[in-house]
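Engineer: In the order they appear, the protein sequences are chains A and B.
Its first residue numbered 9, the first sequence is counted upward by one per residue in the numbering used here.
Its first residue numbered 9, the second sequence is counted upward by one per residue in the numbering used here.
No lab work stands behind these hints: they were computed from the structure.
All C-beta atoms in this analysis are idealised placements derived from N, C-alpha and C, irrespective of residue type, glycine included.
Take the hints with a grain of salt, since some may be wrong.
What the simulated footprint calls covered on chain A by chain B, stretch by stretch (three residues with Cβ under 8 Å from a Cβ of chain B suffice, anywhere in the stretch; the number is not a length) [what the hints assert, rightly or not]:
| # | stretch |
| --- | --- |
| 1 | 225-233 |
| 2 | 250-259 |
Calculated cross-link-like contacts (lysine-lysine; reagent style DSBU-like; alpha-carbon spacing at most 30 Å) [stated by the list, open to error]:
| # | chain 1 | residue 1 | chain 2 | residue 2 |
| --- | --- | --- | --- | --- |
| 3 | A | K254 | A | K142 |
| 4 | A | K197 | B | K142 |
| 5 | A | K178 | B | K267 |
| 6 | A | K161 | B | K267 |
| 7 | A | K116 | A | K106 |
There are 2 protein chains.
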Amino acid sequence: MKKTSIILSISLFIFIFVGCTSNIETNNSTLIQTNPLPSWNEGETKTSIINYVTDVTNTESANFIDIPDRVAVFDNDGTLWSEQPAYFQLYFAIDRIKELAKDHPEWKDIQPYKAVLENDMQALAATGEHGLMKLVLTTHSGMTTDEFSASVKEWIRTATHPTKNVGFDKLIYKPMLELLDYLRKNSFKTYIVSGGGVDFMRASVTEVYGIPEEQIIGSTIKTEFKLVDGNPEIIRLAEIDFIDDKEGKPINIHKIIGKKPIFCAGNSDGDLAMMQWTASNSDDSFMLYIHHTDSVREWAYDRDSHMGRFDKALDEANEKGWTVVDMEKDWSVIFPFD
Amino acid sequence: MKKTSIILSISLFIFIFVGCTSNIETNNSTLIQTNPLPSWNEGETKTSIINYVTDVTNTESANFIDIPDRVAVFDNDGTLWSEQPAYFQLYFAIDRIKELAKDHPEWKDIQPYKAVLENDMQALAATGEHGLMKLVLTTHSGMTTDEFSASVKEWIRTATHPTKNVGFDKLIYKPMLELLDYLRKNSFKTYIVSGGGVDFMRASVTEVYGIPEEQIIGSTIKTEFKLVDGNPEIIRLAEIDFIDDKEGKPINIHKIIGKKPIFCAGNSDGDLAMMQWTASNSDDSFMLYIHHTDSVREWAYDRDSHMGRFDKALDEANEKGWTVVDMEKDWSVIFPFD
Chain A
9 MKKTSIILSI SLFIFIFVGC TSNIETNNST LIQTNPLPSW NEGETKTSII NYVTDVTNTE
69 SANFIDIPDR VAVFDNDGTL WSEQPAYFQL YFAIDRIKEL AKDHPEWKDI QPYKAVLEND
129 MQALAATGEH GLMKLVLTTH SGMTTDEFSA SVKEWIRTAT HPTKNVGFDK LIYKPMLELL
189 DYLRKNSFKT YIVSGGGVDF MRASVTEVYG IPEEQIIGST IKTEFKLVDG NPEIIRLAEI
249 DFIDDKEGKP INIHKIIGKK PIFCAGNSDG DLAMMQWTAS NSDDSFMLYI HHTDSVREWA
309 YDRDSHMGRF DKALDEANEK GWTVVDMEKD WSVIFPFD
Chain B
9 MKKTSIILSI SLFIFIFVGC TSNIETNNST LIQTNPLPSW NEGETKTSII NYVTDVTNTE
69 SANFIDIPDR VAVFDNDGTL WSEQPAYFQL YFAIDRIKEL AKDHPEWKDI QPYKAVLEND
129 MQALAATGEH GLMKLVLTTH SGMTTDEFSA SVKEWIRTAT HPTKNVGFDK LIYKPMLELL
189 DYLRKNSFKT YIVSGGGVDF MRASVTEVYG IPEEQIIGST IKTEFKLVDG NPEIIRLAEI
249 DFIDDKEGKP INIHKIIGKK PIFCAGNSDG DLAMMQWTAS NSDDSFMLYI HHTDSVREWA
309 YDRDSHMGRF DKALDEANEK GWTVVDMEKD WSVIFPFD
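So that you can see chain A by itself, here it is in the shape it has in the complex (with noise of 0.2 Å):
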């Protein structure tokens, strides 16, 4: 079993976060007056998106839709920033174990710890989804939801990712970062409703994307609130509260934001209930899938992949004439950095 395929599998169980650029409002605001969306090449893609935003932001159009509706839903890894060769989240709780593991002299003995501190990933897949639920809940609990959110965010500052060799948080769309902001300066609310854990994508989030921890719904483990001598903290218990993935989603974005949206972007199978969700709003909605065609400046998948599988999707977005993003295709700059 290949290092990376078996780094893909035990990702199926992680959840993921999100990295660090800014002052995308302020760089684009002049742009968005001639051109919202520059990094999108010319054609049917783009002028699909400025042909809804115009249409339903149009007090005179049939269509329009008044500013409290516009909800617009966001998944993160694979349709903000990339997810291979496993989601970011993993690479997290790896180096987590290993910070960790100066407090745990025993782990050196137990799986899936000593996997992880010996670097043998096939070990590690051998553990099973037992062992990697362990190795999740090890990381992300048994502390208070400050001391969480601290380690989150230096371990974003100071991580980089295996083969691309730049911080994580250097891999986010700049298209999807022009989108965001196109949508808001249109009034939308934009929201993410991700797989990855909550607590990890707030650490760092807000900043990236310049969305508010409040619109940031995801995965979540279960928490105690409790007086320490007098002080409440909220400590982050060993025990899963609820998956934001495939039928979670429309679940949580009922719950947590409590309408539709008329705007849904994701990249996989694990998206297609909320872009069902949002394409049976009574006012027009709009879908779009990201389709990962780019093997040269990101990476190409789709049927077969562990991470962001898009196969049930793809079928379902080209039957039912969603917008699908070729990567190639229709964006001109992929990464900021480019």
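Position chain B relative to chain A; hints supplied.
Structural biologist: Below, chain B without anything else, positioned relative to chain A:
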């Protein structure tokens, strides 16, 4: 056992919801300039609120708090509208049983439905926690989210309070509407964080308080996403998901908002944990407790009440110097119709 006290104990198991008035923001906008809280009598309570808001929104102040961090959370029952003689959501559940009974002839012989249909509150109470939970789950599940919302909207439009003989949606506190408005005009984001059912509140609360659906947090039941003839639906299941009360309040605030409030308003021991959480903010924060002291215009109750028991929290508020509103003394008007 008196009818009222039976309803009181029944209501402990029930979530809550909210009524309808309108144009609060428009009506008050001119007053805001000269007197932001016209229904609040001059005195220490009113002064402390205005001094706090003026201070933390003043860029020259050492206590200045940036707009994204101006999170204000409000309990609903007993804080924004009345909760006597029982949480209003209980009356919805009872009326709903009577309405649904047409399609359930078998209910006339089965508890707890029989008791409700015969208006026998004593028999209803005798069904115990199990019977009452069945009542709630029956009336709040087994339908789509859209259907449930429609049923709440129709009920609030037509139902009247058992002793005040006005619509439940008239029993909202004018001083609190002014406070919500005042905070929003100072760029606070106002949230409801209530033990009431979130979908129940959303079905009417947006117009009442000017708080959009996505800023309403409450108790939830589990739901299921599924395609029915190709159309996605979210079905409400007869199973509790999360009770947003006591320690559940700060847990949900962290999970959904992701930051600590700077302003918290409540009226009972059920709000104590979120008060403590707010008080632990490293920024200057404000804790406001409503004390029901007006037996003539509203109701007077505290330490021994089944609804909104204010006992342990009253001690802690006094001990810590949190602001406690004396409704009789501090409010010149209680309901908008006064």
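Engineer: Are the hints correct? Go through all of them and say.
Structural biologist: For each hint, the structure was consulted:
1. Coverage of the stretch 225-233 of chain A by chain B holds in this model, with 4 residues showing a Cβ closer than 8 Å to a Cβ of that chain against a need of three.
2. Counting residues of the stretch 250-259 of chain A whose CB falls under 8 Å from any CB of chain B gives 3; the rule of at least 3 is met.
3. Restraint check for K254(A) and K142(A): the C-alpha separation of about 22 Å stays at or below 30 Å, so the hint holds.
4. About 38 Å separates the Cα atoms of K197(A) and K142(B), which puts this hinted pair outside 30 Å; it is violated.
5. A C-alpha spacing of about 26 Å is found between K178(A) and K267(B), which places the hinted pair at or below 30 Å, so the restraint holds.
6. With a C-alpha separation of about 16 Å, the suggested pair K161(A) and K267(B) falls inside the 30 Å cut-off, and the hint holds.
7. At roughly 10 Å between alpha-carbon atoms, K116(A) and K106(A) fall within 30 Å of each other, so this suggested pair holds.
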